[in-house]
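The hints should help you fit chain B onto chain A, whose structure is shown.
Going line by line, the protein sequences match chains A and B. So that you can map any letter, position 130 of the first sequence is 130 in UniProt numbering, and since no number is skipped, the others follow by simple counting. So that you can map any letter, position 126 of the second sequence is 126 in UniProt numbering, and since no number is skipped, the others follow by simple counting.
Just to be clear, a hint being listed does not mean it is correct.
Straight-line alpha carbon distances no greater than 16 Å define the calculated EDC-like cross-link-like pairs of lysine to aspartate or glutamate that follow [said to hold, decoys possible]:
1) B:Lys205 / B:Asp355
2) A:Lys209 / A:Asp77
3) A:Lys440 / B:Asp355
4) B:Lys440 / A:Asp171
5) B:Lys205 / A:Asp155
6) A:Lys205 / B:Asp355
7) B:Lys440 / A:Glu113
Selected chain A positions facing chain B (in silico; Cβ < 8 Å) [unchecked claim]:
8) Ile90
9) Glu92
10) Thr140
11) Val169
12) Pro208
13) Gly238
14) Glu271
15) Phe307
16) Gly369
17) Ser375
18) Ser419
Computed spacing ranges between beta-carbons, pair by pair [as the list claims (entries may be wrong)]:
19) B:Glu330 / A:Thr451: 13 to 23 Å
20) B:Ala89 / A:Pro455: 55 to 65 Å
21) A:Pro221 / B:Gly311: 47 to 57 Å
22) B:Asp45 / A:Glu267: 53 to 63 Å
23) B:Ala323 / A:Arg94: 37 to 47 Å
24) B:Gly374 / A:Ser109: 27 to 37 Å
25) A:Asn365 / B:Ala323: 54 to 64 Å
26) A:Pro455 / B:Asp45: 47 to 57 Å
27) B:Pro455 / A:Gly417: 26 to 36 Å
28) A:Asp171 / B:Arg91: 36 to 46 Å
Just so you know, these hints were derived from the structure itself, not from any lab. Using N, Cα and C, we set each Cβ at its ideal position, and we do this for glycine too.
Protein chains: 2
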Amino acid sequence: MIDTLKDIVGDSHVLTGTDMGKYSHDFTRSYAWTPLAVVRPANTDEVAAIVRLANDSKTAIVPVSGNTGLAGGARADGAIMLSLERMNAIREIRPDARIAIVEAGVVLSTLREAAEEHGLIFPLTFGAQGSAMIGGNLSTNAGGSNVLRYGNTRDLVLGVEAVLPTGEVVDLMSELHKDNSGYNLKHLLIGAEGTLGIITAAVLKLVPKPGAYATAMVAVPALDQALGLLNRLQQATGGAVEAFEYMPRSYIEQHLKTIDGAREPFEAPHEVNILVELGATAPRDTQPGPDGRAPIAAYFEDILAEFFEDGAILDAVVAQNEAQRREMWERREAAAEVTLSRQPIQNNDVAVPLDQVATFLDRANIMLGRVDPGSTAMVVSHLGDGNVHYAVWPKSQDPERMDAIMEGVEDIVLDLGGSFSAEHGIGTSKLPSMARRKNKPALAAMRAIKTALDPNNIMNPGKVLPPEN
Amino acid sequence: MIDTLKDIVGDSHVLTGTDMGKYSHDFTRSYAWTPLAVVRPANTDEVAAIVRLANDSKTAIVPVSGNTGLAGGARADGAIMLSLERMNAIREIRPDARIAIVEAGVVLSTLREAAEEHGLIFPLTFGAQGSAMIGGNLSTNAGGSNVLRYGNTRDLVLGVEAVLPTGEVVDLMSELHKDNSGYNLKHLLIGAEGTLGIITAAVLKLVPKPGAYATAMVAVPALDQALGLLNRLQQATGGAVEAFEYMPRSYIEQHLKTIDGAREPFEAPHEVNILVELGATAPRDTQPGPDGRAPIAAYFEDILAEFFEDGAILDAVVAQNEAQRREMWERREAAAEVTLSRQPIQNNDVAVPLDQVATFLDRANIMLGRVDPGSTAMVVSHLGDGNVHYAVWPKSQDPERMDAIMEGVEDIVLDLGGSFSAEHGIGTSKLPSMARRKNKPALAAMRAIKTALDPNNIMNPGKVLPPEN
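So here's chain A without its partners, still in its complex pose (with noise of 0.2 Å):
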C-alpha cells in the first residue's frame, strides 16, 4: 500500500510514522488520531488513483485541507489521510465574469488576497481564514460573519469537480448562472464534509469590494427588538447591511476580564450589543467629502440618530476610523478565545427562524438552570442568520450532566424549528445529535445515497452519518 501511494505521489509526498505529526490532530487539540500515513497529491489525476487505491483495497480514506474544523471531520485513525495543500493553485481570476478558478488546497486568506488586487472580494470570512482551504470550506459549506450578504459558502460556488468514492473524476466547472441539466451533484458534495468525494477544484464568485464600510456599536433596548432594527435598517440602507452581531452584556465583561487593553464598547454598559456593518459600492456611496468621510458614514449615522429619537436604540457608537473599526471587529472575533477562556465547555452552534433567537436564548437559560444551577452560559450570535453560539461553562463536570445540557438545547432548537448544527459540521462530535434528532426519512435517504455513491463505504467514514443501530 505505502510503497503504491509512492509510486503514485513520489516517496517524499507519503508521510507515516512521526512525519505524520501535524496532521495527527486538529488544530484545537480536542482530537487526536493515527493515519495509516498521509499523501500530499500534486492534482487530480493522482487523487483519482490514490482513491481507486483505496476503493479496491477497502481502505478507508479522509481528505484534509487546512485542517481547521470543530466538528472532528478530520479523524482518520488508520485511514490513508489525503492532504490537498499542494494542490494550490489559483488557476484564473477572471474579472469582467467575476469568477474565480481555485484548486481546493487554496488557502482562503490567499484567495481573498488575491481578488482585492482586482477590486473584487470573495466574501466569506471567518476567523481562520489564514489557514482554511477552499477545499475544507466547501466540504464544510463554512458560514462565517458575512453570510447574511452574501450567503454560505455554497452560494458562492458556480462549479466544483470532484472524485468519486469509485475514483471517478465528476467535472461539474461550471461558470454559469443557469444549468438546468440534472440532478445538482455540486450542492451534494458541498457539506458532504469529504463522505462523497473529495473535492479537488471550484469555480468560485467574486464580488465588486465595498469601497467603503459604516461600522457601529449598537445597543438595544431588547434582543427581541433586535429583527425589527435589522430589517428596517437593511430597509434604509437598500440591503447595504455586511454584518449584525450580537453580544450579550455577559460577553462584553468576560472579554474585558480576558484580553488585554479590552475596552467597553459604550460609556454605560448595556444589555443587548449589536455590531452592525454597512458596505457600500456606489460611488455617491463611497467617495469622501468635504470632511474627508465617506457619505455611507453619515448616512448611517442620520439613521441612528433617527432610531435613537423614536426609542427603537438606546446608543450607538460609529467607528470613525479604521483602527476604531477594527476595535469593535476584534472584540467580536475574540469570540474563541473568549469562550475557550475556562474548561471544560459544553459547545453548540445552533440555529433557529430568525425571529425565535430571543425565545430559544429565554428557553435556554431557564433550562441551563434547572439542569446544572450555577453553570455559565457564554453566548455570540450571528443574529442577522439566527445563528447561535451558546457555550456553557457548566457547574457539574458530570459528563451526564454535560450531555443533558446538550439534549436540553437540542430540545428547545428542534421546539422552534430550528437546527443543532449551524455552521460548524456535523463531523463525528454531532453524530449523536444526528441520530436523535434528524428527520428519520431524510436520514434513510441520506444513508441511501451514500450507500449508492460509495458502496465500499471507503470516503470518511463514519462521518456525517451515526451508525444505523
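Okay, now just chain B, sitting in the frame of chain A:
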C-alpha cells in the same frame, strides 16, 4: 387501483377518461398523453398514500402542478398523474422573518400578490406566473428575468417537504439561513423535475419590494461590450440592477411585425438593444423629488449620460412613467409570441459563461449558415445570467437537419463551457442532449442516486435521465 385511489382522495378527485382532458397535454400542445388516472390529493398524507400505492404496485406516477413546463416533464402516458392543485394554501407569511410557508399548488402570481400586501416580494417572475405553481417552480428550479439580482428558484428556498418514491415524507421545512446537518436533500429535490420525489410544501424567502424602479432601453455599440456596461452599472448603483435583457435588431423587427401597436425602441435602429431595470428600496432612492420622480430615475439618467459621453452606449431611453416601463417590458415578454410566430421551430435554451455570450452567438450564426443556409435565428437573452434563448426557424424542414442544428449549438455551447439546458430543464425533450453531453461520471452518479431513492423507478420515470444504453 382506481377504487383504491378513490378511497384515498374521494370519488370526485379521481378523474378518468374524457375528464382528464386538460391534464393530457402541455400548454403549448407540443406533447399529448393519456394518463391512467388523474388524482387530486388534498394534503401530504394523501400524497404519501398515493405514492405508497404506486410503489407497491410498481405503477408510474407523474406529479404536475401548473403544467407550464416546456420540456415535456409532465408527460404521463399510462401513469397516475398526481395534481397538486388542491394543495394551494399559503399557510403563513411572517414579514419580520421574511418568509412565506406555502403548499405546492399555490399559483406563483397569487403568492406574489400576497407578499406585496406586506411590502415584500417573492422575486421569481416569468411569463407563465399566472398559472405556474410553486411545486413546479421548485421541481424545475425555474429561472426568469430577475435571476441576476435574486438568484434562481433554489436560491429563494429555505425549506421543503417532499414525499419520496417510497411514500415516506421528508420534513425539511427549515426556516433557517444556516443549517449544516447532513447532505443537502433540499437542493437535490429542487431541479430533479419530480423524479426523486414530490415536493408538497416549501418555506420561501421574501425580500423587500423595491419602492421605485428605473427602467431604460439602452443601445450598445457591440454585444461584447455589454458585460462591461453591466459591471459598470452594478458598480455605479451598488448592485441595483434587477434585469439586463438583450434583444438584437432581428428580434425588434420581428416584434414590430408580430405584435399590434409595437413601436421602435429608439428613433434610429440599433443592433444591440438592452432592457435595463434598476430597483431601489432605500427611501433616499425612492421618495419622489420636486419633479415627482424617484431619485433613482434621475440618478440613472446621470449615469447613462456619463456612459454616452465616453462612448459606452449609443443611445438610451429612460421610461418616464409606468406606461412607458410597461411598454419596454411587453416588448421583452412577447418573446414566446414573437418566437412562435413561425413554425416549425428548433428551440435552444442554453447558458454560457457571462463573458462568452457574444462569442457563442458569433459562432452559432456561422454554424447555422453552414448547416442550414437561409434559416433564421431568433434570439433573446437574459444577458446578465449568460442565458440565451436561441430559437431557429429552419429553412429546411428535414428533421435530420433540425437535429444537426441542435447538435451544432450544443458543440459550441460545450466548447465554451456552457450548458445545453439553462432554465427549461431536461424533461423528455433534452434526453438526447443529456446522453450526448453530460459528464459521464456525473450522469452515472445521478443514476445511482435515482436507483437508491426510487428502486422501482415509479417516480416520473423516463424523465431527466436518458436510458443507459
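Consistency of the hints with the structure:
no. : hint                            : in the structure
1   : B:Lys205 / B:Asp355             : violated, 30 Å
2   : A:Lys209 / A:Asp77              : violated, 42 Å
3   : A:Lys440 / B:Asp355             : violated, 45 Å
4   : B:Lys440 / A:Asp171             : holds, 9 Å
5   : B:Lys205 / A:Asp155             : holds, 14 Å
6   : A:Lys205 / B:Asp355             : holds, 14 Å
7   : B:Lys440 / A:Glu113             : violated, 36 Å
8   : Ile90                           : violated, 17 Å
9   : Glu92                           : violated, 11 Å
10  : Thr140                          : holds, 7 Å
11  : Val169                          : holds, 6 Å
12  : Pro208                          : holds, 6 Å
13  : Gly238                          : holds, 4 Å
14  : Glu271                          : violated, 21 Å
15  : Phe307                          : violated, 14 Å
16  : Gly369                          : violated, 26 Å
17  : Ser375                          : violated, 25 Å
18  : Ser419                          : holds, 4 Å
19  : B:Glu330 / A:Thr451: 13 to 23 Å : violated, 52 Å
20  : B:Ala89 / A:Pro455: 55 to 65 Å  : violated, 42 Å
21  : A:Pro221 / B:Gly311: 47 to 57 Å : holds, 55 Å
22  : B:Asp45 / A:Glu267: 53 to 63 Å  : holds, 59 Å
23  : B:Ala323 / A:Arg94: 37 to 47 Å  : holds, 40 Å
24  : B:Gly374 / A:Ser109: 27 to 37 Å : violated, 57 Å
25  : A:Asn365 / B:Ala323: 54 to 64 Å : holds, 57 Å
26  : A:Pro455 / B:Asp45: 47 to 57 Å  : violated, 34 Å
27  : B:Pro455 / A:Gly417: 26 to 36 Å : holds, 32 Å
28  : A:Asp171 / B:Arg91: 36 to 46 Å  : holds, 41 Å
The structure fails to meet hints 1, 2, 3, 7, 8, 9, 14, 15, 16, 17, 19, 20, 24, 26 from the earlier list, while all remaining hints are met.
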